[in-house]
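Fit chain B to the known structure of chain A by using the hints.
Residues per chain, in single letters:
There are 2 protein chains.
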Amino acid sequence: MTDKVRLAPVGLGRWARVLARGAQRGDTLELYSCFSRDEARRTAFQAEFGIERSASSYEELLADPAVEGVIVTTPNDTHKDVIIQALEAGKAVYTDKPIAHTLEDANRIAAAVSDTGQVFAVGHSSRRLSGHREMKRWLDDRRIGDISLAEANFSNERGLELTPDTWRYYADKSPGGAFIQLGVHHADTLQFLLGPVKSVTAHARKLYTKSEVPDAVMAILEFESGPLGYIGTGWASPGVYSMNLLGTKANLMYDLDFTHWDESHLADDWSTLRSQFYGESVRQQVELPRTDMFREQLEEFGLAIRGRATVEVGAVEAVRALGVVRAVLESSKRDGQAVLVQEVIHEAGVDPSLA
Amino acid sequence: MTDKVRLAPVGLGRWARVLARGAQRGDTLELYSCFSRDEARRTAFQAEFGIERSASSYEELLADPAVEGVIVTTPNDTHKDVIIQALEAGKAVYTDKPIAHTLEDANRIAAAVSDTGQVFAVGHSSRRLSGHREMKRWLDDRRIGDISLAEANFSNERGLELTPDTWRYYADKSPGGAFIQLGVHHADTLQFLLGPVKSVTAHARKLYTKSEVPDAVMAILEFESGPLGYIGTGWASPGVYSMNLLGTKANLMYDLDFTHWDESHLADDWSTLRSQFYGESVRQQVELPRTDMFREQLEEFGLAIRGRATVEVGAVEAVRALGVVRAVLESSKRDGQAVLVQEVIHEAGVDPSLA
Chain A
1 MTDKVRLAPV GLGRWARVLA RGAQRGDTLE LYSCFSRDEA RRTAFQAEFG IERSASSYEE
61 LLADPAVEGV IVTTPNDTHK DVIIQALEAG KAVYTDKPIA HTLEDANRIA AAVSDTGQVF
121 AVGHSSRRLS GHREMKRWLD DRRIGDISLA EANFSNERGL ELTPDTWRYY ADKSPGGAFI
181 QLGVHHADTL QFLLGPVKSV TAHARKLYTK SEVPDAVMAI LEFESGPLGY IGTGWASPGV
241 YSMNLLGTKA NLMYDLDFTH WDESHLADDW STLRSQFYGE SVRQQVELPR TDMFREQLEE
301 FGLAIRGRAT VEVGAVEAVR ALGVVRAVLE SSKRDGQAVL VQEVIHEAGV DPSLA
Chain B
1 MTDKVRLAPV GLGRWARVLA RGAQRGDTLE LYSCFSRDEA RRTAFQAEFG IERSASSYEE
61 LLADPAVEGV IVTTPNDTHK DVIIQALEAG KAVYTDKPIA HTLEDANRIA AAVSDTGQVF
121 AVGHSSRRLS GHREMKRWLD DRRIGDISLA EANFSNERGL ELTPDTWRYY ADKSPGGAFI
181 QLGVHHADTL QFLLGPVKSV TAHARKLYTK SEVPDAVMAI LEFESGPLGY IGTGWASPGV
241 YSMNLLGTKA NLMYDLDFTH WDESHLADDW STLRSQFYGE SVRQQVELPR TDMFREQLEE
301 FGLAIRGRAT VEVGAVEAVR ALGVVRAVLE SSKRDGQAVL VQEVIHEAGV DPSLA
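Chains as they are written, first to last, in the working numbering: chain A, 1 to 355; chain B, 1 to 355.
In isolation and in its complexed conformation, chain A is listed as follows (with noise of 0.2 Å):
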């Protein structure tokens, strides 16, 4: 109990509530310190998570030494500067997904990574869901086949909620909208199942949000290791999350009732995993572990810093989430014509050990 690593959230948005909370539903982490720039929003904080402290300033955060590691969620535009000056300060980084904005962004961000040594995760919290979970384990014991088909959706109504005060409004801060900020958590769990992406075809469309980006996004993704993958994010309705496998022996379709996101530890209470095989007319429900993608992400953070665990989501597995992001922007500029996401990572000057 005294030896909980102690870890810092930057940028108190309703995110790093979110994380917050499932930091502390577990016992090997505590929320030492917090910062914001608005004085108002770290004293809420501290009162709503019971934080003793919080730091005036970034610089004044990172010089504290009791600070093992920040949790950053400030803007995906912001990130490059936020976690570079937390690495060069001797902070380990936990950073929210995507990685970064740009691949640019993301590439200065790894070589920080890498020079300083620094333990380094990134949020993709979505493939480690107990289905998804299941899903790896399907693939890895050949229960499902080979796949020939995977679909994944993952929408919901933020488009349509955009206002000129949020930096998720605007293109240069958040290009791509939903597929960004929902289609990269499928773009993660998706080469998490199956490998990388070799290239991407897709079409985004402005539709019905107020905002610059858009808010239907639609892509077809060729998987190096042969089969076809489908990612469908729309930010103008209500909120599905969903991914389906099709295998030469078995299907299984996993469903998730997305108003239940945010409390990840009850996430597996409200989503449900079937498997088809041939003749099955009724679809079984495959029985899951239960999980809580948050909490666990974080606290293999927390084991990471202290030398007992691996980060499984660092800069190269962010890298290549954020390299399909790019290229599914690209394609829909060339009218969906086929982009390599290698050619879209190396163009933008990513060192290739990352890619």
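No lab work stands behind these hints, which were simulated from the structure alone. All C-beta atoms, glycine included, are put in the ideal place defined by N, C-alpha and C. The reader is advised that the hints may include incorrect statements.
[Claimed, not checked] Straight line, CA to CA, 30 Å or less: simulated DSS-like cross-link-like pairs of lysine-lysine:
#: 1; chain 1: A; residue 1: Lys210; chain 2: A; residue 2: Lys333
#: 2; chain 1: B; residue 1: Lys173; chain 2: A; residue 2: Lys333
#: 3; chain 1: A; residue 1: Lys198; chain 2: B; residue 2: Lys206
#: 4; chain 1: A; residue 1: Lys333; chain 2: A; residue 2: Lys173
#: 5; chain 1: B; residue 1: Lys210; chain 2: A; residue 2: Lys136
#: 6; chain 1: A; residue 1: Lys173; chain 2: B; residue 2: Lys249
#: 7; chain 1: A; residue 1: Lys198; chain 2: A; residue 2: Lys136
#: 8; chain 1: B; residue 1: Lys210; chain 2: A; residue 2: Lys198
#: 9; chain 1: A; residue 1: Lys249; chain 2: A; residue 2: Lys198
#: 10; chain 1: A; residue 1: Lys333; chain 2: A; residue 2: Lys206
#: 11; chain 1: A; residue 1: Lys249; chain 2: B; residue 2: Lys173
#: 12; chain 1: A; residue 1: Lys333; chain 2: B; residue 2: Lys206
#: 13; chain 1: B; residue 1: Lys333; chain 2: A; residue 2: Lys206
[Said to hold, decoys possible] One side only, chain B facing chain A, incomplete, derived with CB under 8 Å:
#: 14; residue: Glu151
#: 15; residue: Thr201
#: 16; residue: Gly234
#: 17; residue: Ala309
#: 18; residue: Asp335
Okay, now just chain B, sitting in the frame of chain A:
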């Protein structure tokens, strides 16, 4: 009872039997005669369905003045000759989907329909499924709001079973494989629901089938009305038939157990349409009136022959569905680049009044 419409199945394979059972579930149609080149097959078909007579040649069948219409289930690449011969002999024609395997053939068929003035119907049956009819009502009365994403899948294991003695094995007879056989249903139904498809972006892959045709096809559709659509079709997994519509007011999810596809009077027992409004964690099952798509389309055809109904799916609708299929194949050849459906239709020389 004595005034039943007298129909004659031509091409007496598996699908002719499915349709014959559909026709016999009602009491307005009489299977009056039948024809296949294979005499044993004719005899067996007569016995199975209690059909009093058969013809030993197609010419003989068409020369029988009592035959009012033929039901064509011959291979796709034979449709043109079989259909035109019947039309020119003064018979009404119902043909299984697709109308033909090429737009050139479809155009010739459409011209013959126009020249002869005969009743002509194409078996795009899936739009008649109760779930899709209900979706249309939700679209028409705006309960679902505006659609951003429409996602559909139709897959089964047929590609794994194809052998060189079946016409579906060959690229020149069944171009597009899974997509022309299964995806074409959604190509019609989605256009029934959302209006014409403007452009198509697609990838087709031959992964596990030994045949010449693709067993994994994914296509993104851009509708003239704005939304994006997706059709996934595989031929290497247990059967899937689904369609999800994501709207600004609600989502609708339709799922049908493919195992019961052939028994269309039971399909509603094995399908569910669920609605999802904002804030609802449990999706509500939507009550569906009972339907029987194969019976319904044949009875409509029979009534149309007697001038008491209009055919819902004729040459125009069937050309539009086939246009999407051909655009999918063209886009896949062009590495996913968007292909205008109208361009593909016009380049095939199709009469502009059809497209």
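Now the hints, each set against the structure:
1. A:Lys210 <-> A:Lys333: 20 Å, holds
2. B:Lys173 <-> A:Lys333: Not OK: Lys173 of chain B and Lys333 of chain A at ~35 Å, beyond 30 Å, violated.
3. A:Lys198 <-> B:Lys206: 17 Å, holds
4. A:Lys333 <-> A:Lys173: 18 Å, holds
5. B:Lys210 <-> A:Lys136: Since the Cα atoms of Lys210 of chain B and Lys136 of chain A sit roughly 27 Å apart, the hinted pair holds (cutoff 30 Å).
6. A:Lys173 <-> B:Lys249: 28 Å, holds
7. A:Lys198 <-> A:Lys136: It holds: about 20 Å lies between the C-alpha atoms, which stays within 30 Å.
8. B:Lys210 <-> A:Lys198: 24 Å, holds
9. A:Lys249 <-> A:Lys198: 25 Å, holds
10. A:Lys333 <-> A:Lys206: 13 Å, holds
11. A:Lys249 <-> B:Lys173: 28 Å, holds
12. A:Lys333 <-> B:Lys206: 28 Å, holds
13. B:Lys333 <-> A:Lys206: 28 Å, holds
14. Glu151: 6 Å, holds
15. Thr201: 4 Å, holds
16. Gly234: Holds: closest Cβ of chain A sits about 4 Å from Gly234 of chain B, inside 8 Å.
17. Ala309: 33 Å, violated
18. Asp335: 4 Å, holds
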